[in-house]
Amino acid sequence: MFEPFLIAFREAFQCAVILGFILIYPKIKDRKAYYISLFAGVFAAFISGSPLGYFPNISKLLWDNKTWTFWRYISEITIFYLSIVFVILKIKPSVFAVSSGLFILGFFLFLFEARAVGFLIRDIGAMKGTLNSITVVGLAGIIAGFAPLFFLKKSLTKIHLKGALTLSSLLLLTGALKFAFGGVSGIEDNDLLITLQRGLLIFLEGAVKHMQSVLLIPEHPFISVPFAGLARFLSGDRTAVSLMVIFIMFPPLFVLISLFARPDPIVNDTQVKAQKRLKIAFFRTELIYQTIPVLFSFLILVILIHSANISMNPLYEPVPAPVREGENPDLLMIPLSDKFGDFTDGKLRKYVYYYGNKQIIFLAILKADGSVGVALDECEICRPAEWNKDARGYAQKGDHLICKYCMTPIALPTINNPGGCNPIPIPFKIEDKNIAISLTDLINTHKFAEALDKKGTHL
Amino acid sequence: MILGKGIRAVSSWWLTAALSLCLCALYVYFTAGENPYGKWINFIFHNLSGLILYICLIINLMSISIRIVYTRLRPVNITAEAIRNMDAFTEIDASGDNPGDKVTAWLKKRGFKTEKKENRVISIKGRLSFLPGTVMRTGLIILMISFIFSVYLRKTEEKILSEGGEGQLLGKKIYLAGIKSNLPEEFLQLGEKSSFRLSNISAMLSSSQNTYMVTGRFPAKINGLYYRITHLGFYQPLSLKASSTVITKNAELDILPPGKTDIVAFPAENMHLTFTLHPEKTIKKGLLTGKVFNLKTLSYSVILQKGKNKHKSENIILKPEETASSEGIKISLGKSFLFIKIQSVYDPALLWIYTAILITMAGLVLMFSRFFWYKKQICAIFINDKVLLGYTEEFYKKWGIMKFYSWIEETRPD
Numbered sequence: 000m001f002e003p004f005l006i007a008f009r010e011a012f013q014c015a016v017i018l019g020f021i022l023i024y025p026k027i028k029d030r031k032a033y034y035i036s037l038f039a040g041v042f043a044a045f046i047s048g049s050p051l052g053y054f055p056n057i058s059k060l061l062w063d064n065k066t067w068t069f070w071r072y073i074s075e076i077t078i079f080y081l082s083i084v085f086v087i088l089k090i091k092p093s094v095f096a097v098s099s100g101l102f103i104l105g106f107f108l109f110l111f112e113a114r115a116v117g118f119l120i121r122d123i124g125a126m127k128g129t130l131n132s133i134t135v136v137g138l139a140g141i142i143a144g145f146a147p148l149f150f151l152k153k154s155l156t157k158i159h160l161k162g163a164l165t166l167s168s169l170l171l172l173t174g175a176l177k178f179a180f181g182g183v184s185g186i187e188d189n190d191l192l193i194t195l196q197r198g199l200l201i202f203l204e205g206a207v208k209h210m211q212s213v214l215l216i217p218e219h220p221f222i223s224v225p226f227a228g229l230a231r232f233l234s235g236d237r238t239a240v241s242l243m244v245i246f247i248m249f250p251p252l253f254v255l256i257s258l259f260a261r262p263d264p265i266v267n268d269t270q271v272k273a274q275k276r277l278k279i280a281f282f283r284t285e286l287i288y289q290t291i292p293v294l295f296s297f298l299i300l301v302i303l304i305h306s307a308n309i310s311m312n313p314l315y316e317p318v319p320a321p322v323r324e325g326e327n328p329d330l331l332m333i334p335l336s337d338k339f340g341d342f343t344d345g346k347l348r349k350y351v352y353y354y355g356n357k358q359i360i361f362l363a364i365l366k367a368d369g370s371v372g373v374a375l376d377e378c379e380i381c382r383p384a385e386w387n388k389d390a391r392g393y394a395q396k397g398d399h400l401i402c403k404y405c406m407t408p409i410a411l412p413t414i415n416n417p418g419g420c421n422p423i424p425i426p427f428k429i430e431d432k433n434i435a436i437s438l439t440d441l442i443n444t445h446k447f448a449e450a451l452d453k454k455g456t457h458l
Numbered sequence: 000m001i002l003g004k005g006i007r008a009v010s011s012w013w014l015t016a017a018l019s020l021c022l023c024a025l026y027v028y029f030t031a032g033e034n035p036y037g038k039w040i041n042f043i044f045h046n047l048s049g050l051i052l053y054i055c056l057i058i059n060l061m062s063i064s065i066r067i068v069y070t071r072l073r074p075v076n077i078t079a080e081a082i083r084n085m086d087a088f089t090e091i092d093a094s095g096d097n098p099g100d101k102v103t104a105w106l107k108k109r110g111f112k113t114e115k116k117e118n119r120v121i122s123i124k125g126r127l128s129f130l131p132g133t134v135m136r137t138g139l140i141i142l143m144i145s146f147i148f149s150v151y152l153r154k155t156e157e158k159i160l161s162e163g164g165e166g167q168l169l170g171k172k173i174y175l176a177g178i179k180s181n182l183p184e185e186f187l188q189l190g191e192k193s194s195f196r197l198s199n200i201s202a203m204l205s206s207s208q209n210t211y212m213v214t215g216r217f218p219a220k221i222n223g224l225y226y227r228i229t230h231l232g233f234y235q236p237l238s239l240k241a242s243s244t245v246i247t248k249n250a251e252l253d254i255l256p257p258g259k260t261d262i263v264a265f266p267a268e269n270m271h272l273t274f275t276l277h278p279e280k281t282i283k284k285g286l287l288t289g290k291v292f293n294l295k296t297l298s299y300s301v302i303l304q305k306g307k308n309k310h311k312s313e314n315i316i317l318k319p320e321e322t323a324s325s326e327g328i329k330i331s332l333g334k335s336f337l338f339i340k341i342q343s344v345y346d347p348a349l350l351w352i353y354t355a356i357l358i359t360m361a362g363l364v365l366m367f368s369r370f371f372w373y374k375k376q377i378c379a380i381f382i383n384d385k386v387l388l389g390y391t392e393e394f395y396k397k398w399g400i401m402k403f404y405s406w407i408e409e410t411r412p413d
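Going down the list, the sequences are from chains A and B. Here numbering that gives the first Met the number 0 is used: the first residue of the first sequence is 0, the next is one more, and so on. Here numbering that gives the first Met the number 0 is used: the first residue of the second sequence is 0, the next is one more, and so on.
There could be a bad hint or two in this list.
Unchecked claim - Okay, derived cross-link-like pairs now, DSSO-like style, lysine-lysine, Cα gap no bigger than 30 angstroms in a straight line:
id : chain 1 : residue 1 : chain 2 : residue 2
1  : A       : 89        : B       : 402
2  : B       : 290       : A       : 396
3  : A       : 272       : B       : 397
4  : B       : 248       : B       : 307
5  : A       : 208       : A       : 26
6  : B       : 295       : B       : 307
7  : B       : 38        : A       : 59
8  : A       : 208       : B       : 309
9  : A       : 152       : A       : 59
10 : A       : 89        : A       : 152
11 : B       : 307       : A       : 26
12 : A       : 89        : B       : 396
13 : A       : 432       : B       : 290
14 : B       : 290       : B       : 307
15 : A       : 91        : B       : 396
16 : A       : 208       : B       : 171
17 : B       : 172       : A       : 91
18 : B       : 172       : B       : 220
19 : A       : 338       : B       : 290
20 : A       : 349       : A       : 396
21 : A       : 153       : A       : 26
Said to hold, decoys possible - Simulated restraints on C-beta separations:
id : chain 1 : residue 1 : chain 2 : residue 2 : range
22 : B       : 81        : A       : 90        : 18 to 28 angstroms
23 : A       : 298       : B       : 369       : 38 to 48 angstroms
24 : A       : 326       : B       : 282       : 24 to 34 angstroms
25 : A       : 59        : B       : 373       : 40 to 50 angstroms
Hints in this document: simulated from the structure, not taken from any laboratory. By construction, the Cβ of each residue, glycine as well, lies at the ideal position given by its N, Cα and C atoms.
Excised from the complex, chain A in its bound form (with noise of 0.2 angstroms):
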């Protein structure tokens, strides 16, 4: 019962987090008719884009989820790219189209998410059998998450930021906001910034090939071409990230340099000094205070690249299969192939041995040269505090391992090697296909490794 409510709280209240930015800027708290332009245009959303998902009559007519969602990435991109048009026009509008504006922002920051949880709350409805009640639960999460902008509304248009909100550095804070809430979970499972990154990387590699083709040097299976080295990574992985990056970071450099290109105000004719002296301080404070915004969208945005980074790349960590010494009692034994899989798959494996009351926990991976590396889960320089004890340890990305404390990738072909972030090296032998790892070598190394930290070489 609860769960409509929720979803609907939370996406009212984004959006009246949002909202809340808006009323700050000055220009808006100085004139009635813009919030209720506004606040209509969000009622208008609301009013227009429940119906739609709400009743499978009208939404079987409309596009279905995936077109919704792609229509919101729009939306939000053009919101967040108008802070640009703002900055190189320096347009002063009229009362007319700004109330307009704001009307039009308004309905489009509330539009996909009120279709959305009009859409869940008809489908969890429809599931339990009490769309009435489920439809009154969601309604009052809506008006539970508007609730607070209009208790703070006054207290809002009060607050002072000395002229820190621009209306560019406000597009694109909502802009960085937006992409920030993301969709409605359930309904659109995309992130704007993966398929913004899955599209370039698709139009990379069509527009290599196809200049490949055109210079009569496309790619060959066996036959080496000339550039062939460049257009691997024109159309990698890479390049896309990179013109993701710029694209979301663009805005606001640009807005940040804009500012900060602002010549200082002319004082030649004032002949007080102190008088020059308070202009100049004035216009740098203020200078100061609308940069806060930017930076915020800033790192807003830096959080969700690298966010939508680490789903693309996601780290591969297996749990520690347990190990137990085997006919020999002083030797452990891991077959390099067996039920769980073969070494040659080149994915990292982590085994534990119950040393007394303490885990030892070691590592193994199959290396390129065809030779395997077996190492403690334990780097000799990164030792993370005991509250952030997850952090310990190596995990794998691609064809690296990565330490989980200061994420320094390290080359596979290392392991075994001692220094630096590597993993501390355990001696070993290749038995009959197996590993053998001598107990009192794997025990040692870990008093090794604890010796380590006594002597407070850890940082």
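Dock chain B against the given chain A, drawing on the hints supplied.
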């Protein structure tokens, strides 16, 4: 008036942004289906509205370049109003003898070479700084125009030829005098990933009594046509003998890189042979197993399939000029040769495309100089006992304005 506005609109960056956005929107529209890039390119070049959009962008870029070059090179008209419209301006006292010379000396001190006309002084630094952008745009324009010609005029034909073979490509007779390749005697394929790469492959082509070398790299231009090697394989004569029937065939085996299989079908006899390169030896490298192939002296792994239910024979290891029997059928192989697939292309725009890419790249490299190479303009006009001074910088305006006022401050008597 209207003409002027029209020219300004056609040569505006806003139009470039609008047209580029249209092209982006078109691409986004095609992303709903499969192969968006192919459909997008097809729409641009083979649909009238797409082509109009594309040509508009070319015209826009050309007009921008012309406008920029014209405005930068035309003589500057200095009026008091024009100076007041510059980034920074000020009026200072210019009484006394030869105020013009004083201003000239003042500008010279700051590294400006001046032009003096009646009561006006003008100095421009970095007048040619438009060049990097113009070079880059010129490259892009040539590239975009060449693309249209390439799309509509390009003709392509491919033919498989073995040594000593001849054929006609795009109406021209060619003769393959020889094939050179660096197929290795020992190629180690480790694991499932193959890194087989042939870097030196060339063919001697004779056309109109001249011999030319064609490679698998850049296309070679011979008598107006471009030729390149697009594939390599083994030409293998073979015969099958079942009871009294002998069937012969010259098979073109496409079995590179090692591990790839090719099928030689005998539909009339309801039989086919599957060919794969057979490794000379298998070696262990750590936990991985590697296969060593000798690509100079071939060895095939052949499987015979026959009948409606495609009954498979056991694996037959066979070298060229060897014979083996399986399932009552005698398989004889002749001497193998290399064959190549030659591509012939007629494209009068190809050279322009390469040239345009080089020009664009040069422009792009030159663009880095724009951080230091930009226009700075200082103007002065003498009105009565005063001089009106104005200053403009193309970039870094903030610092330009501050610099100008600090110069003025320095000259002011305390």
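Broken hints, numbered, in rising order? Those not satisfied are hints 5, 6, 8, 9, 11, 14, 17, 23 and 25.
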